[in-house]
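Peer 1: Here's the letter readout for the chains.
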Amino acid sequence: MSRQIREPLELEVFAHAIKGVAEEMGATLIRTARSINIRERLDSSCAVFDSNGRLLVQAEHHPAHLGALVSLVTAVLIRYPVSILREGDVFIGNDPYEGGGAHLPDVTLTAPVFADGRLTGLVACMGHWPDVGGKAPGASLEGSTEIFQEGLRILPVRVVDAGELNLNLLDLIVANTRTPESNKLDFNAQVACLKIGIRELQKIISRYSLERYTNLCEDLINYSEITMENALAQIPETEVTAEDFLDDDGVSDEPVKVVVTVRIRHKPRPHVTFDFTGTDPQRVGSTNSVRAGMVATLSYVLKSLVEPSLLISNGLFSVFSIEAPEGCVVNCRPPAAVGGKGPVGIRVLEACYHALSQLLPERVVSGSGGNTAYFFAWDDPQTLKHNIHLEGVGGGMGARATKDGPDAIQVHTNNMPNMPVEITERAIPVRVERFELLPDTGGPGRLRGGLSAVKEYRILKDLLFVPHGDRHKFQPWGLFGGLSGAVGRFSYIRDEVETKLPSKGEGIPLRTGDLLRICTPGGGGFGSPADRDRNAVLQDLHEEKITPAAAREIYGVIPEGWS
Amino acid sequence: MRIGVDVGGTFTDIVATDGTGSVLFSGKLLASSAAESMLEGIDQAMARTKTAPGAVELVVHATTRGTNALLESRGARLALICTAGFRDVLELARGRRPSLYDLQFDKPTPLIPRDRRLEVRERMDHTGEVLLPLDDTSIQEVIAKLRSMKDPVEAIAICLLNSYANPTHEQQLSQKLKEAFSDLLVISSHEVLQEPKEFERTTTTVICAYLAPLLTAYLDQAVSGLTQREMHPQFYVMHSAGGVVRPADVPLRAHTLVESGPAAGVLAAQRLLQTQFEPSEAAGDFVSFDMGGTTAKACLIRKGQIAVTMDYEVGMGAHGQFAVKLSGYPIRTPVIDLVESGQGGGSIAWVDAVGVLKVGPRSAGANPGPVCYGLGGELPTITDCNLVLGRLDPMGFAGGSMNLYPDKAYNAIEVHLARPLGIDVPQAAAGVLRVANAAMARSIRVISVQRGVSPEGVALIAFGGAGPLHAAELAAELGISTLIVPPEPGVFSAAGLLAGDLSTDFSCACNLRCQPASAKAIQSLFEGLAERAAAWIEGQGYAMEQANLLFQADARYVGQSHTISIAAQLNSSASELVSQIRKQFDASHLALYTFANPDSEVEIVICRVVCSAPVVRQSGGVRVATPSEVTARKPARQVYFAGLGFVETWVAQRTQLLPGETITGPGVIEEQTSTTVVPPGWRCLVRPNQLLELSRAGQGLQ
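Chains A and B, in that order, are what the protein sequence lines are. Just so it is clear: in the first sequence, position 137 is 137 by this note's numbering, and no numbers are missing. Just so it is clear: in the second sequence, position 467 is 467 by this note's numbering, and no numbers are missing.
Extracted from the complex, chain A is given alone in its bound form:
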């Protein structure tokens, strides 16, 4: 296998050009889509592939989407031999098992790119549609026991045939969703985005010869592979293990265990194996992920630990392998529900950081309390429309070897912005009464974990609250003597009585006048709190990020003027 870089002088030029294609696609999609998911929350991704379906680049939109993009392109090339692909074709899919999505709302489109009549690559884009049918509004991410309850499965199929839209198919798809109009417009935007990608990729190919272009694609892939191998060669050959838990699967109350053993070898080539033996069998509830989801998660782990600016390409995939028992929560079989794959992925990557903390203490991050999301769903009596609104609030991020964990922020594969209160109040029948940081929620340590946030909503009209959080039972862990961050909590107050809600599960009806309280989890600390800089403790106290009791009892700092 030839793995040297053939064009070391030109590769960076080519990389800029290819990244530019994915970025232009992303700019088009984000600005033209109809759903707030894609437009405002940027829940979408774009990628470029070579003619063999190998990833060349994914624009840096959403790391978790990698699985959907790669699996659709792979599935299309298997189902549709190159000989029957035609210029102007567009394929659609969202099915975790057959290709196109990690969960059903991730609707992925791909189109072949031709130059001089030859297949020279594919472009793909994924957009999270607000609804794809299923038993409940809000993308049915929670409370399902079979994928059939989660919405419409779209197997990888040709939806545009040589430029001719299969309107019957599209109508059939959107008719099975609660937001047909919006989904159709998102579809249009996704097609427009692919067209831009095709046009730009063709320009690049025409500037190089086809042969040179092919060599540069090879270089691009080899580059990521060599970079990763070099990094792995720096880590001793060893085996480390960690486990972590999800609160439950949204149906039963039982915790979900994830175990990962990370095995590093140097020969014949540096390689890392992620072995999930010991992980719980797939669950009745939706906290399950297909294997493709793990490709995205583990790519994130490697890139974030080794080289955050590394271009994600197929070369990254070849340095690691996944050993996951068939039918476990990280390699589920149909018809397992997969709506809760997001929390599974986060738990896996945190377990990986935990396992690798002894080997790479300077690079890892303590357990984090991020990734709190939830839906509001209500019917509008005037328009008779179902309204679904997704909201996310950051939790505390874990502390790092040299830095405190940032407060109330989205972490890891998630980077969804929260919704401004003033926009929320225009869009949803709620009033936000409080949104602030919670003191003492960051895990104490030499470096402190990030604080969590509390957000309170007064319900102004009966609606459904669909929780989609975690770390309500298991605290985000600290490292090297750092203490854990606080757990999160969902609850509502009705007639002055506070009722705790599960972290995930089916929609819960809330009534006009209820107060819904969202507390995100905090981040874990790093190093012993006894070693924390005294001034940092005083600063935290001054800013009311910790209480005097915590300063005294945990940090042993008794400030003047405080009793």
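Because the hints were derived from the structure by calculation, they are not lab data. Just so you know, not all the hints are guaranteed correct.
Below, computed lysine-lysine pairings styled on BS3-like, alpha-carbon distance capped at 25 Å [what the hints assert, rightly or not]:
# : chain 1 : residue 1 : chain 2 : residue 2
1 : A       : Lys184    : B       : Lys583
2 : B       : Lys197    : A       : Lys461
3 : A       : Lys461    : A       : Lys500
4 : B       : Lys358    : A       : Lys203
5 : B       : Lys150    : B       : Lys176
One-sided and incomplete, this derived list gives chain A residues near chain B with beta-carbon spacing under 8 Å [said to hold, decoys possible]:
#  : residue
6  : Pro8
7  : Leu9
8  : His16
9  : Arg31
10 : Thr32
11 : Lys303
12 : Gln410
13 : Asn415
14 : Asn418
15 : Pro420
16 : Val421
17 : Ile423
18 : Arg426
19 : Phe435
20 : Ala453
Note that beta-carbon positions come from the ideal geometry of N, C-alpha and C, so glycine has one too.
Position chain B against the provided structure of chain A, taking the given hints into account.
Peer 2: Just chain B now, kept in the frame of chain A:
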């Protein structure tokens, strides 16, 4: 005489013209501190042109002081007053990380720490209805807290929830605080921005209050310096949208001075198009390309209109659009939409562990600077590569004021690039320029495509010290076939200062469907804005006939979140107004995003008026003197071009070119502040006023 002074990070650029726009003086000075730099620049212009103080009618200034104060956290010590339950708006931000994969990232430090963010009990809803009246006890508590602070605050910012819909509580609170602290600046969010999104409105208000005391003091100092010199010119500062304001207007607009310097360059390019091109030529699409020592900045100028954005942010930790949006501090004000990339003359080239050539993001800056400066720099930079390829004259750099050392540059490239890559020095140096050009091309391509403009169809206007060195090859990378190089590219931005109109904008939030039923409501919002604009214009001492009002509706399809600014024609009936906005919205959406949804409803969320008036009688734009006869060219030298190697290349002095001359590449044109490269296959037409038009064979503007 009119003087434009642009005080940047390293240099002060000065341009002085007479009343007709003819350049009397232009130059560069090393910038020193405070208002001194501006005054030193003016002193130099006065001395060189032997002008009497009384003859200076206009001074326009741009400064990086606001930007630097933000970067270095040197603004005012502030308190922020918020609605109870929401004191962390500034710190919670939008909950995004600036970098997806970087686990060691830093969240920007809030400009106001938690203990100086105080709460009052009150609440408005989004329609402007009072849910909880402003509680006087909590105001008294705030006042008591402010009084008891060990280090007293220097200014106060107020941002209450939903105040965009009803500012009454902010007004009442502001009044009470002004009474309690008569010497403090108190700025309320509704005075700065009347739009929803509390984080964006808070950061805009806070940045305004953070910078206002410092900028006001700075401008006072500048004005008194002018007075001491017995000058009494009209004195203005440029804001980020490319207009100018009087110092007296700065306190509520301090946040708009953050990007004033870069705005001047784009404005200069726009004015160049207006004054030196036929209307038919100027109606095309242009990209201003400004490459200096540390970064390159580009902006789209479409049919004579400069692209303006409301999505500007500071503190994202990365440049321009490659940064994660909403991870820094948004400043919601019209900002000329520049895309910045990290390539400048000082960018360091290196070979990475895998053996691949990379350029940047590290920069040698001005100190030690490129290896060839001989000031201790050891790592090869873009400037070093330009030098060893023969594109720069080692003896003639910066008008001959600075000698360059080609041998040092050559050695550094050999050791750090050529040997590791196994190629020769010129190949390595040419590779560096190609990588830098590819990175810059990527940012220009995206800003064009985002707006539905194909980069192939634009012409570049290249300036900045390094712009004309790279422009032709950059253009080739983008498929662009025409580029313009204005005279004295290194100080071109300063000339743009003299092109700015007095301008400001007023806006209000609404939530109205673009349909006949709401036509009257939409019209009356615009009429209200027109009244505010008229009051402002008259307050500036202008008659309304001299002013230009531009009405805009920020509109979107119902359900979308991004808006498009649509020009609204107010001189028609209300129903015509809405149908015109609607039609134009569909057309703009189609042009920008490849599709329109004529069946979907359109809503208007922001109405805005941009009002402007010329600061002085319009002149024909900046002019430079033209030589009367051809003088001898410098001897030809060997210059390296990719694919050809070193070829004999003519070298000309810019000031000695005659209008109408056409010269074919390969060639190099030198002047005081820059060098223009004309590669093989390109030709250069010398237009009047020493404007260079470079085009690829067979192409051109005409």
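Peer 1: Checking each numbered hint in turn, tell me which of them this model violates, lowest number first.
Peer 2: none
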